[in-house]
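*Asks:* Per my numbering, residue 1 is the first one in the sequence shown, and the count goes up by one each step.
No lab work stands behind these hints: they were computed from the structure.
Hints may be right or wrong, so weigh each one.
[To be verified] Ranges between beta-carbon positions, derived for each pair:
| id | residue 1 | residue 2 | range |
| --- | --- | --- | --- |
| 1 | Ala492 | Asn175 | 42 to 50 Å |
| 2 | Phe314 | Lys184 | 42 to 50 Å |
| 3 | Leu154 | Leu288 | 34 to 42 Å |
| 4 | Trp12 | Phe314 | 48 to 56 Å |
| 5 | Ile14 | Gly179 | 34 to 42 Å |
| 6 | Ala690 | Ala47 | 38 to 46 Å |
| 7 | Phe233 | Asp748 | 49 to 57 Å |
| 8 | Arg486 | Pro195 | 24 to 32 Å |
| 9 | Leu300 | Ile673 | 43 to 51 Å |
[To be verified] Derived DSSO-like pairs: lysine-lysine, alpha-carbon spacing no greater than 30 Å straight-line:
| id | residue 1 | residue 2 |
| --- | --- | --- |
| 10 | Lys750 | Lys701 |
| 11 | Lys740 | Lys701 |
| 12 | Lys740 | Lys700 |
Ideal Cβ placement from N, Cα and C applies to all residues, glycine included.
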Amino acid sequence: MYKRLFGGVVLWAIVMIVSTALLRHPAFLQYLFFLRIPLLIGGLLVALPILANTVIKSLLQNLFVLHNRFEFALVTIATLFTGMGVASVTNTLLIDGAARFNLPMPEWVNSLRGYQWIFAIILGLSTLIITIYISIPEIKELPSRRRAATEILLGISSGGLLTALFFKLGHLFTNFLEGFAAFKQLLVFLVLLLPEPARSGYLQPDTENLTAGHLSAIGFLAAVMVIYLPLFFYGMWLYKPGVIPTWAKPGFRLFDWLTQSRRRLFEVPALFYLLTIFLLLVLLFGGLTFLLDFFRVPLLIVLIAISFAAYWLFNVNHYYELISPPLSGFSTNSFVEILHHRFQRWQETYAKDHSDHPRTLVVICPAGGGIQAAGWTARVLTGLYEHPKLGKPFIDAIGLISSVSGGSIGSMYFLDALANGMPSAPLNRMSSTQSPNAIVRRATVDGLDAIGWGLAYPDLWRVIGLPFLAHQKLDRGVALEADWTREFSDPANPPTLASWSRSIEAGEIPIPVFNATIVEDGSRLTISPLPFQTKEMQAKRQFKDFRTLYRNFDLPITTAARLSATFPYVSPICRNFPSVPHANFHVADGGYFDNFGVFTAIQWLNQLVLPNSAAGENSLNIDRVLLIEIRSFPEPSDPEASKLAVKHRKPKEWWQARRGEENIDKPGWKMTILGPLLTLFNVRNYTQAARNEVDVAVLKKLWNKVEIQHHVIEFPQLEDLSAPPLSWKLSEKQKADIDKAWGKVLQDSKFAALVTAWNSK
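Could you put the whole structure together from the sequences, leaning on the hints where they help?
*Replies:* This is the structure in structure tokens:
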């Protein structure tokens with residue numbers, strides 16, 4: 001008690017001393033206020049890399065993972081340019097702000113001129129250091145450490161040289177503007193539109209010429225645009241090539257041909273785009289505060305008003321595109337007919353070796369969890385395919401894959417391989433494009449770069465009040481879809497719901513359903529090549545079904561997966577385009593309703609399948625159902641996991657655990673302010689998992705004549721497990737963890753029980 005009292009007294013004493021010192025220097029406080037934008041962005045530039053490697057590792061750490069000199073060069077350019085942007089805005093606010101806000105200019109300001117480079121390097125040091133530190137394990141894949149060090153050094157040095165070149169270009173632009181009378185007159189004309197007192201700080205005293213600081217800032221902005229605009233068109237070529245002007249396509253085709261074999265090598269890293277956003281914000285918001293602070297108008301209110309007005313006037317929204325008419329017809333067969341044909345095909349193919357095998361329906365439920373779930377789902381499905389006691393017969397017994405969020409991505413690539421003739425030969429005789437390892441690689445391909453481009457261009461323009469510059473149907477979600485499409489077996493002819501319905505009809509793939517959530521009423525949305533809603537279900541309004549709502553439309557499989565995996569803020573919540581009467585809904589991540597995919601599977605079994613399993617001429621005669629959950633994160637309540645968690649605690653946490661005081665250092669303000677939100681977020685998976693357990697038990701009791709088994713394939717705890725990311729990028733270590741985890745699952749008794757269940761007579 002006395003320690004806390006003493007600590008409180010010391011804290012308030014420090015607050016009083018600092019406050020008194022600041023109040024004795026009011027000009028310093030005023031400058032702190034006017035410099036709030038560059039101080040904020042500069043602080044972010046310094047602190048974000050540190051936070052990404054400590055407090056928010058699961059969200060941001062992989063953003064700083066780079067792989068080659070090209071990426072290091074681009075990040076170096078963006079880091080130094082952002083630092084220079086902060087320095088440039090600070091310089092303008094200090095020098096021209098003195099006249100505008102009638103403040104004494106600090107004596108040390110003039111002595112800092114010419115040292116902006118040093119200022120920029122200091123601001124960018126933490127980004128470069130943390131990036132090198134995090135990326136070293138990735139670059140160690142090169143033949144030697146010397147080669148890895150050379151790769152980093154070449155990237156950073158070439159990035160520094162290019163930054164100097166672009167900065168010199170900015171000086172040339174500034175000199176050009178000083179001699180370009182017409183442009184200067186236009187700028188002066190715009191300044192003269194302001195009331196006379198508000199012109200101070202923009203124009204030189206007793207003249208009608210712009211100050212040197214503003215001319216320099218405009219020249220710097222021009223140099224930034226030399227980098228920013230070409231990368232916009234580069235992204236358009238990658239993610240929306242149909243809207244590239246005809247005259248520009250030959251150049252992009254040439255670049256595409258030159259880089260086709262190593263396209264991933266030349267992708268711009270997401271960190272570059274994030275730093276570019278910081279740079280644009282410091283220039284834009286710094287300029288706006290210089291204008292608005294004179295009138296005592298808060299920047300935040302103006303930004304909200306402009307953004308709201310732009311969204312309202314231009315009817316801004318995020319869309320996903322429906323295909324009309326469908327590129328190929330949908331299958332008209334019912335679930336019972338599809339399953340009956342699948343069972344018949346299974347008997348014809350495997351009856352010789354499995355003559356006394358019970359008629360078994362396998363249902364797979366891959367859970368959500370970002371790219372970790374995508375990789376783990378792909379690894380598990382391909383692992384089941386490769387297993388000597390499961391293999392192709394087991395895969396061909398799968399009737400339904402009910403996936404959610406990241407699990408939908410892993411399922412998508414596995415089904416794509418099946419639909420394109422994934423062979424049943426041993427792994428060493430498989431084609432490289434359809435092998436299990438290739439499927440896992442596709443599911444774990446970095447998607448942050450596409451998201452970064454979407455954020456830095458169309459989505460940023462929408463937010464800052466320039467939505468008319470962005471293509472209506474292009475955003476970070478569409479860019480992410482385009483990135484996924486490039487990983488298909490046949491990217492030129494990507495699959496749709498209709499094309500997969502034909503594959504289902506032919507028995508090539510099981511029935512997939514991508515689970516999503518409707519924002520307007522919180523209901524579940526099932527997206528599948530087959531309609532999941534009967535007329536009775538439709539009348540009860542239990543859920544919404546894509547094929548029922550949009551019966552005359554088709555949908556790309558990547559769009560279906562993206563809607564299921566609309567991870568909060570990473571991918572935007574969107575609605576259908578074109579509009580459909582009484583069916584215009586915004587779609588969010590399926591994990592909001594059920595992050596495990598089990599609810600849809602149970603409803604499908606209970607209402608559409610098992611009622612037709614009894615003996616009869618048209619019955620399915622199902623003897624056994626294996627309901628298998630794929631969970632992509634370790635179970636924290638597992639005793640082994642708890643031991644490992646204690647083993648890897650920091651000394652303070654370990655000592656508190658020994659004393660039974662694990663939660664002693666939880667800050668009260670965190671629980672007071674964020675407690676309800678944290679509870680809402682953390683309780684979701686537990687309530688869903690508990691509900692699913694109850695539902696499975698009820699299903700078993702209701703259909704007790706059919707043997708129903710529930711198995712869970714869970715990502716196990718590993719001693720050196722890297723924290724799984726909640727974004728669309730995995731490090732090489734995290735990819736290796738997925739393979740290592742599968743190896744551990746193969747030795748687990750729970751998995752052995754599944755193998756035994758499948759092979760039992």
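*Asks:* Against this structure, judge whether each hint is valid.
*Replies:* Hint-by-hint comparison with the structure:
1. Ala492 - Asn175: 42 to 50 Å: 49 Å, holds
2. Phe314 - Lys184: 42 to 50 Å: 32 Å, violated
3. Leu154 - Leu288: 34 to 42 Å: 39 Å, holds
4. Trp12 - Phe314: 48 to 56 Å: 51 Å, holds
5. Ile14 - Gly179: 34 to 42 Å: Roughly 54 Å apart at Cβ, these two residues miss the hinted range, so it is violated.
6. Ala690 - Ala47: 38 to 46 Å: Given a distance of about 39 Å, which is inside 38 to 46 Å, the answer is holds.
7. Phe233 - Asp748: 49 to 57 Å: 51 Å, holds
8. Arg486 - Pro195: 24 to 32 Å: 54 Å, violated
9. Leu300 - Ile673: 43 to 51 Å: With a Cβ separation near 20 Å, Leu300 and Ile673 fall outside 43 to 51 Å, so the hint is violated.
10. Lys750 - Lys701: 23 Å, holds
11. Lys740 - Lys701: 37 Å, violated
12. Lys740 - Lys700: 34 Å, violated
Going through the hint list in order, the structure does not satisfy hints 2, 5, 8, 9, 11 and 12.
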